[in-house]
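Each chain is listed here by its residues.
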Amino acid sequence: MKRFLLALLLASGTAHAHKPSDSYLALTAEGRELRGQWDIALRDLEYAIGLDADGDGAITWGELRKKQSEIAAYAFARFSLRDCRIRPGPMLVDEHTDGAYAVLQFTAECGEALPQRLELEYSLFADLDPTHRGLLRAQFGGQTVTGVLGPDRPRLSLDAEGRTRLEQFLDYAREGVWHIWIGFDHVLFLLSLLLPAVLSAPRFAPAFWEVFRVVTAFTVAHSITLALAALSVVSLPSRLVESAIAASVVLAALNNLYPVVQRGRWLVAFTFGLIHGFGFASVLTELGLPKESLLLALVGFNLGVEAGQLCIVAVFLPLAYALRHTWIYRRVVFVGGSALIVVIAALWMIERVFNLKLGLW
Amino acid sequence: MKQFTAAVLLGGCWALGALAAPYVPRDDSTVLERLPMRRSDPVAAELRQLRGADLARRNFELAMAQGDPRYVGYAEAALRKADNDPPAEVLFVRGLLKQYRHDFDGALADLEGASKLAPEHIGAHAWRAAVFMVRAEYAAAREECRALEPLASELLATGCRAAVDGATGKARAAYDELKAALDARPDAAAEIRLWTLTRLAEFAERFGEPSLAERHFREALALGVRDDFLLAAYADFLLEQKRPQEVGTLLKKWGQSDNLLLRVALAAKAQNLPEALKHAQALGERFAAAGLRGERLHLAEEARYLLDLKGEPKAALAAASENWKAQREPRDAAVLLEAALAAGERKAAAPALRWLYESGFEDARLLRLAAKLR
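For the protein sequence lines, the chains are A and B, in the order given. Residue numbers for the first sequence follow our numbering, so the first one is 1 and each next one is one higher. Residue numbers for the second sequence follow our numbering, so the first one is 362 and each next one is one higher.
If you're looking for bench data, these hints aren't it; they were derived computationally from the structure. Heads up, some of the hints might be wrong.
Stated by the list, open to error - List time: in silico SDA-like cross-link candidates among lysine to any residue, alpha-carbon distance up to 25 Å:
{"no.": "1", "chain 1": "A", "residue 1": "Lys67", "chain 2": "B", "residue 2": "Ala405"}
{"no.": "2", "chain 1": "A", "residue 1": "Lys67", "chain 2": "B", "residue 2": "Leu728"}
{"no.": "3", "chain 1": "B", "residue 1": "Lys459", "chain 2": "A", "residue 2": "Asp127"}
{"no.": "4", "chain 1": "B", "residue 1": "Lys675", "chain 2": "B", "residue 2": "Lys613"}
{"no.": "5", "chain 1": "A", "residue 1": "Lys66", "chain 2": "B", "residue 2": "Leu728"}
What the hints assert, rightly or not - What follows is a set of in silico ranges between Cβ atoms, one per label pair, in the way DEER data are often shown:
{"no.": "6", "chain 1": "A", "residue 1": "Asp83", "chain 2": "B", "residue 2": "Arg400", "range": "49 to 59 Å"}
{"no.": "7", "chain 1": "B", "residue 1": "Met398", "chain 2": "A", "residue 2": "Ser232", "range": "53 to 63 Å"}
{"no.": "8", "chain 1": "A", "residue 1": "Gly31", "chain 2": "B", "residue 2": "Ala711", "range": "51 to 61 Å"}
{"no.": "9", "chain 1": "A", "residue 1": "Val315", "chain 2": "B", "residue 2": "Ala382", "range": "34 to 44 Å"}
For clarity, every value in this text was computed on a predicted model and none was experimentally measured. All residues carry an ideal CB built from backbone N, CA and C; glycine is no exception.
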């Protein structure tokens with residue numbers, strides 16, 4: 001009887017708002033593999049398999065750790081990626097707004113290359129809590145896809161091909177532009193080579209052609225290595241590549257202060273451009289390269305890089321040309337700027353060579 | 362100097378980001394999570410015993426009392442195992458779960474089905490009354506109260522009537538009647554006393570006697586029963602009375618539900634406390650997470666958050682208007698009126714104003730708001 005009364009008594013709570021059970025599933029395409037992170041609430045795991053060994057109402061790291069393999073077995077029996085083999089990695093802990101979560105890291109191998117379509121199956125807690133949802137966020141095929149999985153929707157296909165080829169192409173091109181904009185090392189390298197190009201130019205045309213030669217050489221060189229690396233013909237350790245890129249910036253800027261190479265700057269651009277190409281390639285691989293549209297991604301990304309580069313040149317060249325005789329350009333921009341680039345790039349080089357974090361950028 | 366400040370700020374942000382990343386706890390004794398109950402808790406033992414509709418109903422009660430929607434999920438799971446030709450009790454609990462999801466039509470149908478199979482079912486009528494109240498369909502609610510009279514106790518039947526009267530311009534009379542009914546039942550269970558005292562406090566607030574409201578809120582809290590709705594109502598009262606510092610103390614222990622977190626954030630903001638930002642951010646994340654699930658069960662709270670914490674009156678108005686389509690309780694009206702005023706879109710307030718004049722609802726704050734909007 002009392003229970004029935006409670007119904008009316010509690011009726012005023014109709015609009016209560018809270019946090020229902022969610023898991024957070026993140027997938028990132030990385031080269032041929034998928035890297036995954038799956039955050040599952042400890043409260044839900046407690047309800048499903050019991051974590052609180054001593055029954056004191058508190059879950060300790062010790063209690064959780066002892067259940068690690070049981071948790072992995074339980075969870076990965078309820079989540080699968082078609083044609084891929086999931087390998088659980090170490091378990092961590094994270095805080096979400098409604099409490100602590102076990103963070104299951106994993107990798108998924110799907111054969112030679114990532115398939116064009118990922119098919120997910122998800123049934124976590126479907127029997128225990130029909131309101132449970134798995135919130136998916138996947139970076140795949142150069143795009144970020146989100147989705148919701150749950151008892152009502154246990155299957156989800158992610159299609160890299162869901163986007164038209166033009167859209168994919170534009171996605172990669174956008175990434176290319178974006179990368180050159182935030183890739184300060186590439187921008188600084190280019191600027192170091194361009195700063196002196198206008199200095200001794202009597203008219204605009206020679207300055208233009210000097211810049212043209214440098215930019216084209218850089219472009220041709222990094223396109224070659226970008227393609228070679230993306231197609232896995234050549235591969236270099238990323239620490240070496242990143243360190244060499246930083247070194248190339250230091251040398252290019254130093255050359256402005258203590259000129260060694262003056263005539264064939266395009267040759268410098270070409271030589272070091274080869275190294276920068278490997279750097280671009282690592283970005284492209286991180287985006288996840290779809291097997292079927294490899295060429296499309298490669299060309300799109302590369303054209304994006306060029307477009308971004310051209311924007312920089314288009315702003316730089318007229319400005320530098322107009323100012324080239326001023327004291328500001330010769331002393332502050334050229335000498336001061338080059339010196340600053342040397343310092344910044346040297347710090348990068350130290351960071352990258354010794355794998356340190358100096359906190360620059 | 363500026364650069365130095367910028368560097369320190371950047372460093373700080375980076376450190377914060379690093380803290381938020383997944384980690385390996387330092388040692389085995391680190392407590393990661395506190396569960397709502399120990400294994401030896403009598404409620405836990407009771408839940409282990411129950412099955413089917415009983416288990417579902419118990420879980421639903423826990424969800425309501427603790428403000429924890431996980432119990433709603435467990436309740437749904439318990440019901441799903443029920444058979445195809447559902448008995449009254451299953452229909453009843455299914456109705457409760459539907460109203461929780463704001464499927465009010467479905468809820469009313471299930472509750473009616475339960476009444477048909479079991480005409481003496483008090484809960485079915487009581488909950489139908491409650492759903493009609495949420496929809497501001499007072500005549501229909503009154504009808505259900507009448508159906509309760511021969512079935513339920515004097516206190517419950519009076520409570521049902523008083524709830525309708527209190528929302529339709531007769532708060533004083535509702536208060537007197539309900540107070541008398543409560544005084545006549547000193548043996549009433551704590552949960553029932555709590556509900557009745559909360560209503561009395563609300564009525565007193567409505568007819569402008571805050572000290573009387575305060576007394577009933579305190580009496581209800583002194584019962585020692587955890588009730589999310591009571592805590593939220595008292596927190597709102599304290600905010601309205603410009604006593605935000607007491608909200609923090611009141612809700613310190615219960616940060617779990619969005620409902621209460623919203624009040625904690627509003628109180629922190631009213632005091633200009635630095636943690637206001639943190640709370641607002643946490644709330645924003647919860648709303649975003651609910652959005653990801655495709656759920657917007659807490660539009661009124663979201664509207665309040667957008668209006669008072671984020672300062673986005675247009676977005677708040679959109680949420681409040683959407684909310685008004687489903688829910689028409691006084692607080693739903695309040696946030697709609699305030700958002701319309703802040704967004705400078707008086708027309709959008711029309712449905713709530715109509716409700717205010719048609720119902721005869723007498724709360725001074727709402728009437729002041731309405732006057733500003735005329």
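Taking the Cβ atom of aspartate 83/A and the Cβ atom of arginine 400/B, is their distance within the range 49 to 59 Å? 42 Å, violated
Against the 25 Å threshold, does the CA-CA distance of lysine 675/B and lysine 613/B hold or violate the hint? Since the Cα atoms of lysine 675/B and lysine 613/B sit roughly 31 Å apart, the hinted pair is violated (cutoff 25 Å).
For the range 53 to 63 Å, tell me whether the beta carbons of methionine 398/B and serine 232/A fit it or not. Given range 53 to 63 Å: holds, Cβ gap about 55 Å.
Given the proposed pairing of lysine 459/B with aspartate 127/A, does the C-alpha separation stay at or below 25 Å? 19 Å, holds
Tell me if the beta carbons of glycine 31/A and alanine 711/B are separated by a distance inside 51 to 61 Å. 58 Å, holds
State, for the Cβ atoms of valine 315/A and alanine 382/B, whether the hinted interval 34 to 44 Å holds or is violated. 37 Å, holds
Would the pair lysine 66/A and leucine 728/B pass a check requiring their Cα atoms to be no farther apart than 25 Å? 60 Å, violated
Holds or violated: lysine 67/A with alanine 405/B, Cα cutoff 25 Å? 22 Å, holds
25 Å limit on alpha-carbon distance, applied to hinted pair lysine 67/A and leucine 728/B: Violated, at roughly 58 Å.
When each numbered hint is compared with the structure, violations occur for hints 2, 4, 5 and 6.
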